[in-house]
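Participant: Here are the chains, one letter per residue:
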Amino acid sequence: MTTVLFYIFALLVACSAIGVAVSRNIVRTAVCLFFTLTGVAGLYFLLNAEFLAAVQLVVYAGGTLILIVFGVMLTNRLPSAGWDVKPWEKTVALGIGAVLASALVASILSLPPRAQPDESGAYPVLELGAALLGDYLLPFELVSVVLLVVMIGAAYLAKGRRRNREAQP
Amino acid sequence: MPTTGTFFQDLLLGPEPAAWAVLLFRVAVIAVAFVTLVSLVAMLCIWGERKVAGHIQARLGPHRVGPFGLLQSVADGLKLLLKEDICPQQADSLLFRLAPYIAFAPVFAAMLAIPFGPNLTFEPRLSVGVFWILAILAIEVMGVILAGWSSNNKWSLYGAMREACQMVSYEIPLGLSIIVGVMAGGTLNLVELGHLQGGGIHTWLVFANPFAMLAFGVYFVASLASNKRAPFDLPESESELVAGFHTEYSGIRFSFFFFAEYAAVFVVAAIQTALFLGGWHDPFGLIGFYTARFIEASNTSGLIWVNVIACAIFLAKVTTIILVVMWIRWTLPRARIDQVLYVCVKVLLPLACVLLLGAALWQLFVADQPGVPWFDYQPWSWAGWAGARAGLITRLILAAIGVSLIGALMIWIGYAVISGRRRILRLTDPEPIV
Chain A
62 MTTVLFYIFA LLVACSAIGV AVSRNIVRTA VCLFFTLTGV AGLYFLLNAE
112 FLAAVQLVVY AGGTLILIVF GVMLTNRLPS AGWDVKPWEK TVALGIGAVL
162 ASALVASILS LPPRAQPDES GAYPVLELGA ALLGDYLLPF ELVSVVLLVV
212 MIGAAYLAKG RRRNREAQP
Chain B
37 MPTTGTFFQD LLLGPEPAAW AVLLFRVAVI AVAFVTLVSL VAMLCIWGER
87 KVAGHIQARL GPHRVGPFGL LQSVADGLKL LLKEDICPQQ ADSLLFRLAP
137 YIAFAPVFAA MLAIPFGPNL TFEPRLSVGV FWILAILAIE VMGVILAGWS
187 SNNKWSLYGA MREACQMVSY EIPLGLSIIV GVMAGGTLNL VELGHLQGGG
237 IHTWLVFANP FAMLAFGVYF VASLASNKRA PFDLPESESE LVAGFHTEYS
287 GIRFSFFFFA EYAAVFVVAA IQTALFLGGW HDPFGLIGFY TARFIEASNT
337 SGLIWVNVIA CAIFLAKVTT IILVVMWIRW TLPRARIDQV LYVCVKVLLP
387 LACVLLLGAA LWQLFVADQP GVPWFDYQPW SWAGWAGARA GLITRLILAA
437 IGVSLIGALM IWIGYAVISG RRRILRLTDP EPIV
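Read top to bottom, the protein sequences are chains A and B. If you're matching positions, the first sequence starts at 62 in our numbering and goes up one per residue. If you're matching positions, the second sequence starts at 37 in our numbering and goes up one per residue.
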């Protein structure tokens with residue numbers, strides 16, 4: 062049962078990941094990425110990492126990807142517009158891809174065959190919360206400070222640009 | 037604590053079922069119960085919406101097809117099934133055809149965690165219940181955005197963009213207000229949250245502390261917006277955008293969007309019920325009391341009856357919330373997009389942050405530990421309460437406020453019904469014109 066579901070989700074992730082790479086239409090790429098992220102969330106579910114799966118859905122599939130699509134829709138007017146790929150770009154991309162693929166294959170081969178779900182029956186969310194606000198409180202808070210800095214920077218940039226534009230005419 | 041999660045599964049399949057039997061049972065539940073539930077909910081909601089609109093705006097709702105026009109939704113469904121399925125020539129046909137399913141499937145998946153009764157949850161062990169529903173509903177936007185984009189129509193695209201910015205911004209107050217409720221309960225699992233509220237109306241989490249009561253209101257407004265219900269229904273505002281993101285859709289694909297919308301309204305109202313309004317419990321704590329007694333005595337038929345009644349109570353509460361949602365839709369005018377975002381960013385978001393902080397401080401300094409576990413609760417005695425006095429008094433005062441508000445609402449509705457009936461009598465029996 063779990064094995065069958067694993068292969069279904071793995072197939073979904075793999076096929077849509079290939080779609081992300083192959084598709085020439087940028088919105089279709091985003092849709093393929095959506096299925097990849099959802100499939101990864103399914104894999105997390107099979108590993109009993111329910112919290113991680115829900116976070117994957119809400120942050121990546123429901124948040125980041127929506128923003129990406131939002132940006133694409135604002136910037137890309139023509140649905141059929143593709144990219145012009147020059148030959149030297151192709152060689153560079155192939156080279157980088159080959160290096161990354163070999164690194165991935167090497168690391169996968171050195172791992173145990175498949176991650177096993179944690180069957181200990183523990184209540185993962187409670188432990189996770191206790192760990193985040195207990196042992197790992199300092200990193201947790203530091204990450205949130207970094208996010209705050211990013212947010213303030215983005216607001217400053219957006220506002221500054223608008224002020225410049227108002228000053229110009 | 038007695039584990040009661042898979043009671044019906046155990047009842048049907050025995051204590052140690054084979055893997056294929058469990059699989060078959062679950063697939064059957066999904067195929068039979070969920071499909072029926074989602075389509076029934078959507079059909080009844082559409083019918084109810086028309087009747088409510090008819091009563092509120094003094095127009096005639098459906099009244100010819102069947103008693104009270106009950107078969108109107110069936111007739112509409114048949115019509116939509118038989119209509120031609122049109123895909124515009126310039127549209128991205130693959131995404132255009134895919135979008136309704138992406139909008140519809142998440143709502144379906146959200147049904148997994150909704151607790152209809154003490155033993156009537158599909159997946160009671162889901163430890164992140166509330167968060168799961170929130171996460172899966174966040175995906176629904178993707179379908180709407182794709183529908184708007186792939187239609188290749190500027191009105192659809194405007195609708196989709198409004199939906200995107202509205203959804204992404206209202207997620208935050210929605211999530212924060214849910215966290216306030218979850219903090220008062222101490223768990224994310226919806227079944228456990230339901231059991232926590234088993235001891236009468238004053239144990240419902242909306243009355244747990246003043247912040248939870250305000251969070252209840254914030255959640256309600258934010259859920260209206262994230263479900264694109266009026267007054268926040270800008271993604272499909274007819275007067276500006278033809279029909280918004282589903283302008284180009286016809287036939288059964290169009291109806292998928294409607295099913296998704298009404299099922300999402302149901303799911304959101306169900307979270308509100310399960311998290312704040314005591315879930316499947318009645319105000320006197322009788323359901324929790326009898327559930328505990330029957331589990332102790334392993335009284336199977338009693339447990340089944342308790343579950344049926346609990347399910348009815350749960351659905352009654354959800355229906356009440358949905359009726360209020362409809363009432364708001366037919367009463368308030370539509371807001372502008374800048375007003376919608378103002379409400380989110382400058383009103384609800386700061387309010388939700390303050391509520392979160394306040395609820396955290398309350399949990400640290402004032403809160404009582406949940407007094408008596410639900411299975412030891414006596415509905416008619418105060419003696420077993422072990423928590424802090426301040427918490428109990430606050431709960432009782434807030435419960436009194438809530439009950440009086442509900443009473444006032446009922447009196448108001450009663451008055452409206454009576455005066456409305458008087459007007460209908462006048463309309464149907466007019467004075468002769470001289």
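Just so you know, these hints were derived from the structure itself, not from any lab. These numbers come from a predicted model, not from an experiment. There may be inaccurate statements among the hints.
[Said to hold, decoys possible] Pairs of lysine to any residue, SDA-like flavour, derived with a Cα cap of 20 Å:
no., chain 1, residue 1, chain 2, residue 2
1, B, Lys-190, A, Lys-151
2, A, Lys-151, A, Ala-162
3, A, Lys-147, A, Asn-86
4, A, Lys-220, B, Lys-382
5, B, Lys-382, A, Ala-215
6, B, Lys-382, A, Ala-216
[Stated by the list, open to error] With the Cβ distance kept under 8 Å, some of the chain B side facing chain A (calculated, not the full set):
no., residue
7, Trp-168
8, Leu-170
9, Ala-174
10, Met-178
11, Trp-191
12, Leu-193
13, Leu-224
14, Ala-452
[Claimed, not checked] The following label-pair restraints were derived from C-beta to C-beta distances:
no., chain 1, residue 1, chain 2, residue 2, range
15, B, Met-446, A, Ala-191, 42 to 48 Å
16, B, Leu-76, A, Leu-198, 57 to 63 Å
17, B, Cys-389, A, Val-153, 45 to 51 Å
From the three backbone atoms N, C-alpha and C, an ideal C-beta is built for every residue, glycine too.
Participant: Could you run down the list of hints and mark each one as holding or not?
Facilitator: Now the hints, each set against the structure:
no. : hint                                 : verdict
1   : B:Lys-190 with A:Lys-151             : violated (36 Å)
2   : A:Lys-151 with A:Ala-162             : holds (16 Å)
3   : A:Lys-147 with A:Asn-86              : holds (18 Å)
4   : A:Lys-220 with B:Lys-382             : holds (17 Å)
5   : B:Lys-382 with A:Ala-215             : holds (18 Å)
6   : B:Lys-382 with A:Ala-216             : holds (15 Å)
7   : Trp-168                              : holds (5 Å)
8   : Leu-170                              : holds (6 Å)
9   : Ala-174                              : holds (3 Å)
10  : Met-178                              : holds (6 Å)
11  : Trp-191                              : violated (14 Å)
12  : Leu-193                              : holds (7 Å)
13  : Leu-224                              : holds (6 Å)
14  : Ala-452                              : violated (39 Å)
15  : B:Met-446 with A:Ala-191: 42 to 48 Å : holds (44 Å)
16  : B:Leu-76 with A:Leu-198: 57 to 63 Å  : violated (48 Å)
17  : B:Cys-389 with A:Val-153: 45 to 51 Å : holds (47 Å)
Taken one by one, the earlier hints fail for this structure at numbers 1, 11, 14 and 16, listed in ascending order.
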